[in-house]
Amino acid sequence: MTFAGLILRNLGTRRLRTALTAVAVAISVMAVVTLDVVTHSLQASAANVLLMGKADFIVAQKSVADVLTSVVTEDQVARVERTPGVRSAVGVLVGAINLNATNPFFLEIGVAPTDLRTFGVTIVAGHAYGAHAAHEIMLGWQAAQSLHLRVGDTMHEHTLEGFKVVGIYSLNQVFGNAAAMLPLTTLQARTRKPGTVTLTAVRVDPRANVDRVMARIEHDNASLAAVRLASQFGRVDRNLAFLSAAETGAQIIALVIGVIIVMNTMLLSFVERIREFGVLRAIGWSRRRLVSLVMGETLCLSVAGAAVGVAFSYALTGALEHLTTLRGILSAQYDVGTVGLGLYTAVGIALLAALYPCIRAASLRPGAALRRE
Amino acid sequence: MPSTPRTSVPAALASSGAADGRVPAPPILEVVDVHLSYGTVAALDGTTLSVREGEWVGVSGPSGSGKSTLLGLLAALEHPDRGEVRFRGADLARKRRLDRYRRLDVGLVFQLHNLIPHLDARANVEIAMLGTHLSRTARHRRAGELLDAVDLASLAGRRPAEMSGGERQRVAIARALANRPAVLLADEPTGSLDPASAANVVDVFTRLHRSEGTTIVMVTHDAAVATAADRVVVLEAGRIHPAPPPPAATAPASAADAAPAPAERRTG
Numbered sequence: 001m002t003f004a005g006l007i008l009r010n011l012g013t014r015r016l017r018t019a020l021t022a023v024a025v026a027i028s029v030m031a032v033v034t035l036d037v038v039t040h041s042l043q044a045s046a047a048n049v050l051l052m053g054k055a056d057f058i059v060a061q062k063s064v065a066d067v068l069t070s071v072v073t074e075d076q077v078a079r080v081e082r083t084p085g086v087r088s089a090v091g092v093l094v095g096a097i098n099l100n101a102t103n104p105f106f107l108e109i110g111v112a113p114t115d116l117r118t119f120g121v122t123i124v125a126g127h128a129y130g131a132h133a134a135h136e137i138m139l140g141w142q143a144a145q146s147l148h149l150r151v152g153d154t155m156h157e158h159t160l161e162g163f164k165v166v167g168i169y170s171l172n173q174v175f176g177n178a179a180a181m182l183p184l185t186t187l188q189a190r191t192r193k194p195g196t197v198t199l200t201a202v203r204v205d206p207r208a209n210v211d212r213v214m215a216r217i218e219h220d221n222a223s224l225a226a227v228r229l230a231s232q233f234g235r236v237d238r239n240l241a242f243l244s245a246a247e248t249g250a251q252i253i254a255l256v257i258g259v260i261i262v263m264n265t266m267l268l269s270f271v272e273r274i275r276e277f278g279v280l281r282a283i284g285w286s287r288r289r290l291v292s293l294v295m296g297e298t299l300c301l302s303v304a305g306a307a308v309g310v311a312f313s314y315a316l317t318g319a320l321e322h323l324t325t326l327r328g329i330l331s332a333q334y335d336v337g338t339v340g341l342g343l344y345t346a347v348g349i350a351l352l353a354a355l356y357p358c359i360r361a362a363s364l365r366p367g368a369a370l371r372r373e
Numbered sequence: 001m002p003s004t005p006r007t008s009v010p011a012a013l014a015s016s017g018a019a020d021g022r023v024p025a026p027p028i029l030e031v032v033d034v035h036l037s038y039g040t041v042a043a044l045d046g047t048t049l050s051v052r053e054g055e056w057v058g059v060s061g062p063s064g065s066g067k068s069t070l071l072g073l074l075a076a077l078e079h080p081d082r083g084e085v086r087f088r089g090a091d092l093a094r095k096r097r098l099d100r101y102r103r104l105d106v107g108l109v110f111q112l113h114n115l116i117p118h119l120d121a122r123a124n125v126e127i128a129m130l131g132t133h134l135s136r137t138a139r140h141r142r143a144g145e146l147l148d149a150v151d152l153a154s155l156a157g158r159r160p161a162e163m164s165g166g167e168r169q170r171v172a173i174a175r176a177l178a179n180r181p182a183v184l185l186a187d188e189p190t191g192s193l194d195p196a197s198a199a200n201v202v203d204v205f206t207r208l209h210r211s212e213g214t215t216i217v218m219v220t221h222d223a224a225v226a227t228a229a230d231r232v233v234v235l236e237a238g239r240i241h242p243a244p245p246p247p248a249a250t251a252p253a254s255a256a257d258a259a260p261a262p263a264e265r266r267t268g
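Chains as they are written, first to last, in our numbering: chain A, 1 to 373; chain B, 1 to 268.
Treat the hints as calculated values from the structure; they're not laboratory data.
Possibly wrong hints are sitting among the right ones.
Label-pair distances were calculated between CB atoms; the ranges are [unchecked claim]: (1) Asp148(B) with Arg15(A): 28 to 34 Å; (2) Arg207(B) with Val256(A): 55 to 61 Å; (3) Ala311(A) with Ala161(B): 17 to 23 Å; (4) Leu323(A) with Gly157(B): 50 to 56 Å; (5) Val256(A) with Ala161(B): 36 to 42 Å; (6) Gly249(A) with Gly64(B): 34 to 40 Å; (7) Ala161(B) with Gly340(A): 41 to 47 Å.
Treat the numbers as computed from the prediction; the structure is a model and nothing was measured.
Quick reminder that beta carbons are idealized off the backbone N, C-alpha and C, glycines included.
Make a model of the complete structure from these sequences and hints.
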């Protein structure tokens, strides 16, 4: 018999308790992992709205609740374009509509036809819309596939009814390819936002320092924020910052609950096994070995809990993706990092939960333990 | 202190000491004027006892007299409020690694065997060797040898619940011997057994003592069991008291070698 074998035998003896404790760890791990995956997915979705098109960075209104409510005037776009080092600044109006049951979060992107190339749009079929065409639309290739529409077809979805598909385009990312593009002035009129855009896609001269150009734009336009990294998006979309804060808070609560449950179980187990531990101490086990036994059992439980927790989380996010309100927004990604997060969480829970029982085990006096009935 | 090999000092020689003119074996365990209280209750009150290498000492006395407490002190499970407990002349209170002392120098047999219920007999013996330098194979082999020595080789795969009281106690003896201790400490090992099982267990101790010269300190209030020991000391109200006269007509020989102990009775 080995020490590891003893740990497994001890856990196997109390199967129900072992299973319930592992489930407690699993639920905590599931909560932490799911919150992390969902939050990052939602952040990625929000960031994707900002990342559409070819740009070194984007400029939007500072500290709005939702980036889609950002308002940048065309005068500000012009001022940004005049900033030293800026090569181009494309004003883009973005709106979201509930197109149908399968596309509850469908993006409409308003870009002037003269800016399409600069914005990074490649027309793969048909042609661009006219600058002021009231009923012409281009579809991203994924949207065209999803809606079963081709060039020359007319849309029947209620909010876009009557729009004629004049072209199919490709952008550099998924969100843009699953959207539709309209003339900027048309979308401004539809959304009653004349003279304004949501954001500005900025490209700088090759020799310019991007950070300096961003700083200059912010200096010259106090109400605007320039961002280019996902970590900076909270500056223009407060929801992202709130989402991160909520995620952290919820994860801490999940961890605390997990630690309390596991600690409670381990303490109960410790109290029940005091005499056994007393015997082990009496036959020469050191404090360190006894603590290792308690810690080893807790770690084994946690690793099992981590595996089950990540599996639970995967199943849960799979179900969440099918919710109408999250369809198209939530796209959970599980990778090695996700499994690592589950493992770290479980090990963290184990270490914290086993701390007090380990202290009790280390301070156990064998004589007193053996006198217990 | 590292474990030292058991001496092969014959029990009779060790216990008779200077009485026959030979140099007595040195004391391996000494209890010197020990006091220990649990709250206001004095469990030991100036107890003094010396055990020589290779000797089998029985500790007798009524319930609550402090027998188990004395054994707990010898096993370093308890610590005296006052006085000293010495192993090979060294005060246990000064030892930094008492777990090492409990693992290598003494082996402990409890009244209620105290085996781990979910482990089989072999694993219960092996568990005492975890953390020693022995390899897994060596631990496995030694456990088998020890179970064979207590006539339980065929029950190595059984759990305590599947064995009789006497068999469990013999597994506990095998566990106590796992690390070749210099002293075997037994706390009423036959106290919960029927006479036949008790006789089996006593037989194991007797064989160990006679064939290998194992030093044994055995707490018992069973007079029949006590007769197997080289000598018996009586503990009453936390103090060693004069033993009652032996049932046999032989004259007591305790006065010659009982310097540390106030009074004791010789047997065997």
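Going through the hints against the structure:
{"no.": "1", "hint": "Asp148(B) with Arg15(A): 28 to 34 Å", "verdict": "holds (33 Å)"}
{"no.": "2", "hint": "Arg207(B) with Val256(A): 55 to 61 Å", "verdict": "holds (59 Å)"}
{"no.": "3", "hint": "Ala311(A) with Ala161(B): 17 to 23 Å", "verdict": "violated (36 Å)"}
{"no.": "4", "hint": "Leu323(A) with Gly157(B): 50 to 56 Å", "verdict": "holds (55 Å)"}
{"no.": "5", "hint": "Val256(A) with Ala161(B): 36 to 42 Å", "verdict": "holds (40 Å)"}
{"no.": "6", "hint": "Gly249(A) with Gly64(B): 34 to 40 Å", "verdict": "violated (59 Å)"}
{"no.": "7", "hint": "Ala161(B) with Gly340(A): 41 to 47 Å", "verdict": "holds (43 Å)"}
Hints 3 and 6, counting from the list given before, are not met by this structure.
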